[in-house]
Amino acid sequence: MSISLLLYGLVAICATAMVITRTAAVHALLYMVVALLALACVFDTLGAPFAALLEVIVYAGAIMVLFVFVVMMLNIGSPAEQREKSWLSGGIWVVPSLLALGLLVTLLIGLRSGAVPAIVQGAAPIGPREVGLALYGPYILTVELSSFLLLAGLVSAFHIGRRIGGAGIAPLHPDGVHVGVNEHRGVDR
Amino acid sequence: MDSFSFLPNAVLVLCAGSLVQMAAIAIRRNVAQDAVLGLVVLLASLAVILAPTALVLTGTLPLFAPDAWASYTAALVILSAIAIHIMSWRNSVLSDTSVGSEYYLLLTLATLGGVVMSSAIHDVSFFIGLEILSLAMFGLIAFRNARIDAGEAAMKYLVLSGLSSAMLLMGFALTFAETGSLRFLAPVATNAPEPLLASMGVILVLTGMFFKLSAVPFHLWLADVLEGTSIPVAALVAVLSKIGLFAAMVRYFSSINLYVSGPQVDEIVAVAVLSMIGGNLLAVAQTNIKRMLAGSSIAHIGYLLVAFLSPGPFSFASAAFYLAAYAIATLGIFAIIAGVMPQGSYISDWYGMFRRKPVAAFAMSVMLLSLAGIPPSVGFFAKFYIVAAGISAHRVILLLVLIAGSTISLFYYLRLILVMILPRPSDSEAHRQMPPITTPWVGNRALIALLAVATILLGVFPSRLVQSGRQLLDVPPPPGPSASP
Amino acid sequence: MNPNDPGAALAIAVVLFVLGLLGVMVRRNLLFMLISVEIMLNAAGLAFIAAGTRYHMADGQVMFLMILAYAAAEAAVGLAIVLRMHAAGRATLDADTGNRLKG
Amino acid sequence: MTALLPLVILCPLAVSIILLLSRGAMPARATCGLVALGMGLCAAIAVTEAVTFLTGPASTGALHVVLWNWMHVGGFGAQFALTLDRLSLVMMLVVSVVGFLILLYACAYMIDDPDIARFFTYMTLFVASMELLVLSSDLLGVYVGWEGVGVCSYLLVGFWYHERPNALAARKAFVVTRIGDALFLVGLLLLATGVGRLDIGSVLAIAPMAPRPAIALGCFLILGGAAAKSAMVPLQTWLPDAMAGPTPVSALIHAATMVTAGVYLIARLHAMFLLVPGIMFLCAVIGFITLLLAAGAAMVQTDIKRVLAYSTMSQLGYMYLALGCGAWQAAIFHLVTHAIFKALLFMGAGSIILRVHHEQDIFRMGGLRKSMPVVFYAFLAGAAALAGLPLISAGYFSKEMILTSAYNVAPLFWLGGVFGAFLTSIYIFRCVFITFWGHERTHPHGRTTIVEFVPLVILAVLAIVAGWVQTPEVIAPMHLFSTLLAPVFGPLPEEHGGGMLLLIGSIVPIIGVSIAWALYKPRHKAPVPLETPWTRTLRADWGFDALYDVLFVKPYFALARLNRGDAVIGFFGAVAWVTRTGGAMFAHMQSGQVRRYAGWIAAGTVLALCLAV
Amino acid sequence: MFALPALIALPFLGGLAAWLVGLRNGSARLPWLVSLLTLLLEALLLLGVTGMTGGSGWRGHFAMPWIPLFGIDFRLDMDGLSLVMLWLNLAIAVPVLLTSSREIKERPGLYHFLTLATIAGINGVFLSTDLFLFFFFWELMLLPMFGVLLIWGGEHRARATLKFFIFTQGSGLLMLLSILALVFVHVQETGQLTFNYFALAGTGAMSRAAFPIMLGFLIAFAVKLPIVPFHAWAPEVYAEAPNGGTILLAGILGKTGAFGLIRFVFELFPAASAQIAPVVMAFAVVGILYCGWLAVAQDDMKRLVAYSSLSHLGYVVLGIFSGTRVGMEGAVVMMVAHGLSTSAIFLITGFIEERTGTRDMRRLGGLWPAMPQLSAFAMFFACALLGLPGIGDFVGEFLTLLATWHVNHVMAFFAAAGSVLSSIYALTWMLRVFYGPPVFAGEAPLGRPVAGVMWTLGAATVLLLVIGFFPQPLLDLSAPAAPQQIVSLAGGAR
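Residue numbers (the numbering used here), protein chains in the order written: chain U, 1 to 189; chain E, 1 to 485; chain Y, 1 to 103; chain V, 1 to 613; chain B, 1 to 494.
If you are wondering where the hints come from, they were derived from the structure by calculation, not from laboratory data. These numbers come from a predicted model, not from an experiment. There could be a bad hint or two in this list.
[Said to hold, decoys possible] Which chain Y residues face chain U? A few, computed with CB under 7 Å, are given here:
{"id": "1", "residue": "Val15"}
{"id": "2", "residue": "Leu22"}
{"id": "3", "residue": "Met25"}
{"id": "4", "residue": "Val26"}
{"id": "5", "residue": "Ile49"}
{"id": "6", "residue": "Phe64"}
{"id": "7", "residue": "Met66"}
{"id": "8", "residue": "Leu68"}
{"id": "9", "residue": "Ala80"}
{"id": "10", "residue": "Ile81"}
[To be verified] Counterexamples of contact, computed for chain B against chain V with all Cβ distances above 10 Å:
{"id": "11", "residue": "Ala3"}
{"id": "12", "residue": "Ala6"}
{"id": "13", "residue": "Ala9"}
{"id": "14", "residue": "Arg24"}
{"id": "15", "residue": "Leu46"}
{"id": "16", "residue": "Leu47"}
{"id": "17", "residue": "Gly48"}
{"id": "18", "residue": "His156"}
{"id": "19", "residue": "Val185"}
{"id": "20", "residue": "Arg208"}
{"id": "21", "residue": "Glu267"}
{"id": "22", "residue": "Pro270"}
Ideal placement from N, C-alpha and C gives every residue a C-beta, glycine not left out.
Just need the whole structure built from these sequences, with the hints factored in.
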């Protein structure tokens with residue numbers, strides 16, 4: 001079981017590494033789906049089948065699909081890939097890698113020195129039932145409030161997306177300085 | 001679990017209100033009607049804060065604290081929201097009937113997020129409040145459809161906010177892994193020798209908080225966002241979100257002994273120093289008034305952190321007072337900009353304002369002096385209060401930095417006043433036409449007048465506010481009712 | 001290694017988290033940034049679940065749900081912004097160039 | 001009678017104030033009348049006071065008039081009080097009488113000047129200050145007069161302010177003497193600290209009990225102040241330039257009174273100086289050097305007033321020599337005779353200058369003997385007194401008195417003094433011969449008025465006969481002057497080698513005059529000034545002026561000019577620059593690139609985590 | 001009872017009235033009259049107050065609670081020192097307002113208001129004996145000054161104002177820090193939270209933290225005075241301010257720093273200030289020489305006078321830090337005399353600027369024949385600058401030097417050498433402006449003298465002479481009362 005956990009984890013890590021290094025968006029998204037599926041397996045191994053399911057359904061199923069839609073809408077072609085390749089070359093990796101490495105090392109040190117975990121031996125997995133009880137028991141307020149979170153996201157996304165069709169973007173002044181009149185026009189329409 | 005939780009009245013009212021607002025939009029779009037509705041909701045939520053009773057739900061986790069600190073900061077958040085609401089009205093950006101209604105809805109939601117945060121005593125409620133606010137802010141920041149800047153600002157904020165939220169969550173997760181509790185900072189209570197993992201978690205949490213507070217070096221987004229978005233939203237970013245977050249931060253650390261130098265305290269000290277110096281230096285270099293205010297805002301967060309780091313008889317009271325002073329002055333400035341010269345984003349646009357709009361210029365000067373901490377404005381007493389707190393906690397080095405920072409800040413505050421007094425130089429920037437000057441609508445005028453009068457009156461007679469503040473906050477806010485984790 | 005030891009899972013979470021962070025720092029394409037942020041959020045969720053397992057508490061999964069909700073909402077809003085910026089003339093989704101807000 | 005004493009100061013002061021308030025509206029003649037009246041009154045009161053004092057009961061002691069309490073703080077007190085004793089009596093008489101005569105002369109001299117009111121405002125103010133200086137019983141009061149005369153000197157040197165050189169000379173005169181004043185002031189601080197008050201009587205009473213180094217320092221500082229006022233080396237450079245003022249000013253201030261204030265001061269404090277022989281010796285050396293240097297410089301001057309100026313310095317050198325040798329009576333005696341004959345010389349020169357179109361170069365004069373006989377004889381009398389022609393001049397007796405005392409201290413001093421006298425007789429008669437003999441090179445115009453004549457004649461007579469009040473034992477047992485001052489200075493000490501010295505002292509001036517005649521007797525060719533590098537240096541005050549210019553004046557102004565913007569302000573400017581640069585740096589951090597921002601966030605977090613680890 | 005607060009309120013209200021009156025009809029006459037009336041009333045009030053005598057050196061007292069939670073009172077006390085400073089303030093105010101009508105053409109009402117508000121603030125500084133209140137007034141008196149500087153200042157006023165603002169406010173914050181530190185030390189020792197000057201006096205004297213606390217006060221006052229390394233704002237501000245503002249700044253505003261040094265640094269921390277006294281005195285001596293030296297190089301008349309003013313303030317500092325009674329009283333006399341003489345000189349330079357249109361001495365010269373009376377006054381005040389005995393400045397200079405000599409001979413020597421430098425710059429000023437061939441030729445092209453200016457100068461002359469010859473009443477009056485003298489009274493009041 002521990003082997004499988006590590007295996008799944010390794011898959012997830014490799015897939016994620018592929019995600020952030022791909023030049024083509026679609027490839028990256030596919031690797032992302034792989035990573036998410038691997039993670040779902042990790043969840044399941046950890047005894048969280050409900051979370052694993054949600055991971056597959058919501059993350060891989062909904063969110064990633066949303067990304068794919070957008071990629072399709074934007075129609076990013078091969079010139080974009082070339083550009084991505086050029087962006088990813090050279091010294092651009094150095095500083096971020098160092099920072100990431102620093103973060104990784106420190107966090108891993110923290111993990112190693114963590115207090116001995118209070119492991120509940122042989123416990124049953126925390127299934128949907130337990131989660132449901134928790135959600136609609138002690139966390140009922142949280143659930144209610146998260147609906148407002150979603151509402152805020154909804155309204156925001158709706159509002160931002162709403163104007164795409166219209167010609168609501170004011171042209172830029174050649175020198176990049178906004179002219180007040182333009183703004184007025186853009187607004188008053 | 002036979003635990004129980006309070007549900008702050010304001011949260012309830014704001015939730016219900018936002019639903020009503022949404023329904024109203026769905027039924028019939030009318031900006032004026034929706035705006036009034038939003039204002040009513042905000043006022044109602046303000047009114048219920050003062051109500052002595054609070055809803056108590058049994059069988060739930062304790063998510064909210066019903067204490068004075070929560071009421072005070074919630075009231076501050078709602079009052080800020082009301083001010084933002086008032087200055088938004090007749091804003092040229094929002095006068096578009098097709099989208100204006102959502103603006104007020106988002107404002108209500110943002111207020112909800114702020115209020116939730118300010119009374120949160122649990123990681124979950126804090127996270128939810130934070131994200132309600134963030135999501136509402138994405139929409140609000142991007143609200144200036146007419147300009148690409150708004151989109152860019154929203155994008156930057158979104159990516160970085162996501163990053164910092166992830167950090168925050170990682171931090172929560174690590175502390176949870178270490179302590180098994182999602183209550184605010186149970187680790188300190190449970191584990192006597194501070195475990196490394198938990199303290200790392202706290203540091204990650206701090207990253208998330210500092211990002212939202214825009215403390216150096218997590219501040220870089222603020223200036224861009226303020227510049228990119230519309231003025232009322234800038235006020236929201238600079239004031240409302242910070243009040244909520246600072247309130248939560250105070251509560252999050254209320255059980256840590258801030259006297260003892262640990263990694264977290266060291267980090268906060270370092271960040272406070274950097275913010276006071278960096279924010280002011282940043283503001284000095286700016287020519288854009290909103291970016292300048294961003295720098296100023298960063299610096300003020302630094303000052304607040306000094307109060308935060310000075311446990312003692314004055315700590316929270318001084319922070320509370322400072323929050324109010326900062327909110328009054330900053331909101332006042334944004335209200336004036338919004339009312340008088342919504343497009344006057346460059347400092348040089350404000351030349352000769354004392355001749356063109358003497359009252360507004362005077363009010364602006366009062367606000368700037370308050371931010372600079374010069375009597376007889378309330379900012380002076382606030383700074384005095386903070387320095388008193390710092391002195392009583394022997395934070396001498398921090399205070400020296402505070403003074404250095406304040407001295408730098410004088411430069412840019414005064415420069416703006418100076419620009420308003422001086423006539424426009426004939427040679428420079430002659431090619432650029434001045435943005436038009438408008439007359440603020442009566443509500444905004446009343447708002448400006450109220451804030452200006454409050455700035456001076458509270459500066460001269462701070463006694464009452466201090467008194468009530470001290471009564472409210474005599475004891476530091478507890479992490480919550482004494483329920484077992 | 002104890003199979004129920006969530007330490008390994010936490011380590012995986014940390015690695016994923018760092019990879020996500022690296023992605024945000026390295027990529028210039030907005031879309032990849034959003035994906036990287038999703039990775040980070042996901043890693044945080046994994047950490048919660050792992051921690052929840054350690055104490056055998058459902059709280060970790062509840063937290064994961066909240067994260068999920070936020071990730072979904074954020075992705076939606078983020079993608080909306082991406083679309084809008086694209087429509088506004090940012091053909092390349094490059095977050096570096098064409099910045100008008102700086103200094 | 002004590003009530004009258006303040007009037008000596010008050011009369012000229014009142015005149016000054018009236019003239020000031022008149023704002024020049026008064027007619028010139030009325031102004032002159034007022035001045036004559038005021039100064040006459042002053043002189044008359046002074047004489048009356050002197051007579052009453054000498055005949056009165058306290059004639060050997062001192063008479064104190066306390067005017068008012070000036071300040072009294074902590075342990076320190078100072079009063080405005082006047083003291084009349086025999087020394088101040090002599091000084092008062094010199095100032096009042098000579099002053100009266102010179103002002104009378106000035107009435108004629110300045111009558112055509114439109115600014116005559118201003119002139120007399122300053123002049124009378126000067127007299128008042130000088131009277132205060134000599135009468136004050138408190139050293140701080142002396143300092144008031146001391147500075148007052150300094151300012152008046154400044155004002156009068158720069159009286160014709162239209163010309164920049166005059167103004168420059170005035171500033172120079174004041175600043176150089178101010179250096180001495182500062183020393184004097186420090187000396188006062190020292191005394192005030194030690195004594196608690198600056199009352200001369202108390203100071204002198206306590207001085208013997210004070211630690212010697214302190215007294216030495218105090219005496220040194222006061223000597224410094226006196227030396228600057230009296231244009232002694234090394235602070236002598238201002239006096240020749242100060243001749244830029246109207247000639248009566250030179251007569252009154254830069255010959256008769258102000259420059260001798262230092263002599264008076266040291267004589268006044270002689271009891272203290274006696275305690276420190278080293279300072280006395282220094283004083284003598286200063287006088288000795290000055291008398292030789294100035295005499296040398298006077299040899300080659302071409303400007304008649306500068307000749308007289310250097311002669312003044314030289315004569316003051318004699319006085320300092322006398323002071324240094326402890327010959328107080330001799331110094332004061334020479335002071336009095338010098339006041340008479342030098343005032344006479346200056347007024348004579350003034351009359352000449354007035355009539356030859358303000359020409360001051362003696363080589364452009366000549367032959368004035370016939371056209372201005374009265375002036376000629378008066379000038380001759382003065383010159384004789386200056387040269388110390390035996391028996392027929394006042395200067396002879398006083399100078400001999402000094403030389404005799406000097407011989408008793410150090411024969412070298414005597415030798416130098418005699419050499420100085422030799423030079424003196426040469427240069428003054430060079431001046432006389434060139435000016436009054438030979439061809440007329442500038443024709444005088446106008447007439448010398450009676451108002452000018454009267455003071456000239458009176459002083460000429462005095463210059464001839466005044467010396468007889470005090471003669472060497474060898475000639476006549478006449479000791480009026482030393483007897484007069486005996487209560488102050490004690491009896492005259494026993495002197496040795498009187499006869500021989502006297503003989504040499506009497507012959508040397510005659511030789512000098514003869515040499516002058518040989519050199520400058522009337523010839524066909526007009527005399528021209530000697531032009532060699534040496535004479536040029538000598539003429540320019542031995543190069544002192546140039547040296548000081550290079551050493552002090554130029555660097556002072558040039559460096560100040562260089563630092564005009566103030567380096568300290570520059571420092572704060574640098575701080576501001578650093579701030580701005582820092583601001584720019586922080587602004588630069590905001591590159592607008594999201595991933596950079598993310599990088600900063602990560603960096604902050606990593607650093608904090610490292611803190612934890 | 002209410003005389004002391006009235007002293008502060010009256011100018012403020014009068015100024016407000018002047019402003020309002022000026023708003024109603026734009027003429028300059030009415031505000032002028034109103035402020036004149038205000039000054040008259042103030043003078044009467046002050047006259048009444050002068051009669052007040054209390055035991056123990058404190059002559060008047062007023063107290064009411066303000067922010068009781070912090071132990072902050074609205075507390076005013078007056079001793080002889082404050083009385084002298086109040087009179088000086090009034091004396092300086094007269095020419096400032098009297099001559100305003102000539103210079104201030106634009107918005108005269110506002111000018112009168114700002115000036116009078118400054119004066120009110122200064123009065124507050126001189127009277128307050130609650131440290132918070134003191135700080136409040138300390139900052140408050142500057143605000144209107146900034147307005148004066150900004151609205152009516154010269155060409156580079158923006159820069160100058162910024163400098164002034166940053167220097168004074170920055171150092172003020174340092175003082176705030178010190179005040180609070182002192183208060184908290186007091187709290188730790190007695191458990192009583194109070195800003196009362198008298199209560200804190202004991203703490204200040206005793207505490208081991210006295211030295212750093214004192215330093216904060218010292219720096220704030222040193223900036224305001226200013227003492228030399230902190231003087232960087234002064235020349236520019238003096239030069240750029242309108243003449244009324246310059247007079248106010250040099251004449252009285254700077255003196256608040258000296259007042260603070262006496263009242264707060266020296267009386268609160270006698271031991272600590274005695275400890276640092278040699279250093280401060282050394283700076284003062286350096287300042288005397290340095291500024292005296294730089295004054296000579298200036299081309300701008302006002303800058304020259306500014307530097308001379310800085311040089312003279314060195315004597316004040318010397319006197320105060322000599323730690324002797326002689327020095328203290330000498331410093332007070334110096335302040336008064338310097339206030340009068342510097343104001344008069346700035347009045348003169350202002351008048352010259354008004355008439356000739358320039359302050360640049362390279363373009364001036366030979367003014368004496370054109371304006372003989374003014375020149376005569378200039379001569380007199382130049383003499384005051386160079387410390388001519390018989391003029392008030394000398395008394396102060398001498399007493400401070402005397403006190404310095406007590407402490408350190410070398411310093412006294414160099415300080416006395418400053419009188420040589422002062423004579424150089426004062427006479428250089430005369431030389432470059434009034435002497436020499438006339439640059440502005442003609443009979444009287446510069447117009448007739450103005451009676452108001454001349455009378456003011458005459459009054460200043462008379463006052464300086466009176467101080468110079470009869471300083472004793474001033475000396476007797478100006479001795480600061482020790483805070484310990486009122487401890488019992490304070491206990492009773494609280």
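These are the hints, each one checked on the structure:
With a least beta-carbon distance of about 5 Å to chain U, the hint placing Y:Val15 at the interface is held under the 7 Å criterion. With a cut of 7 Å, the hint placing Y:Leu22 at the interface with chain U holds, because the nearest CB-to-CB distance is about 4 Å. Proximity of Y:Met25 to chain U holds as hinted, the smallest CB-CB distance being about 4 Å (cut-off 7 Å). A least Cβ separation of about 5 Å between Y:Val26 and chain U falls short of the 7 Å threshold, and the interface hint therefore holds.
Because the closest C-beta pair between Y:Ile49 and chain U is about 5 Å apart, less than 7 Å, the hint holds. Checking Y:Phe64 against chain U: minimum C-beta separation of about 5 Å stays under 7 Å; hint holds. About 6 Å separates the beta-carbon of Y:Met66 from the nearest beta-carbon of chain U, less than 7 Å, and the hint is met. Evaluation of the Y:Leu68 hint against chain U yields a held restraint, the C-beta minimum of about 6 Å falling below 7 Å.
Annotation: Y:Ala80 was flagged as interfacial toward chain U, and the flag holds, the nearest CB pair being 4 Å apart, inside 7 Å. This hint holds: Y:Ile81 has a C-beta 6 Å from the nearest C-beta of chain U, less than the 7 Å allowed. No Cβ of chain V comes within 10 Å of the Cβ of B:Ala3; the nearest lies about 29 Å off, and the non-interface call holds. At roughly 32 Å, the least C-beta separation between B:Ala6 and chain V is larger than 10 Å, which holds for a residue marked as non-interface.
Residue-level check passed: B:Ala9 sits 35 Å from the nearest beta carbon of chain V, beyond 10 Å. Chain V leaves B:Arg24 outside its interface by the beta-carbon criterion, the shortest separation being 42 Å against a cut-off of 10 Å. The beta carbon of B:Leu46 sits about 24 Å from the closest Cβ of chain V, which is more than 10 Å, so the claim that it is off the interface holds. Residue-level check passed: B:Leu47 sits 25 Å from the nearest beta carbon of chain V, beyond 10 Å.
With a closest Cβ-Cβ approach of about 28 Å to chain V, B:Gly48 is found to remain outside the 10 Å limit, as its non-interface label requires. The Cβ of B:His156 sits about 13 Å from the closest Cβ of chain V, beyond the 10 Å cut-off, so the non-interface label holds. Non-interface call for B:Val185 relative to chain V: holds, since the shortest CB-CB distance, roughly 31 Å, exceeds 10 Å. Remark: the non-interface label on B:Arg208 is consistent with the geometry, its nearest Cβ contact in chain V lying 31 Å away (cut-off 10 Å).
Annotated as non-interface, B:Glu267 keeps its C-beta farther than 10 Å from every C-beta of chain V; the closest such distance is 17 Å. With a closest Cβ-Cβ approach of about 17 Å to chain V, B:Pro270 is found to remain outside the 10 Å limit, as its non-interface label requires.
Checked against the numbered hints listed earlier, the structure breaks none of them; every hint is satisfied.
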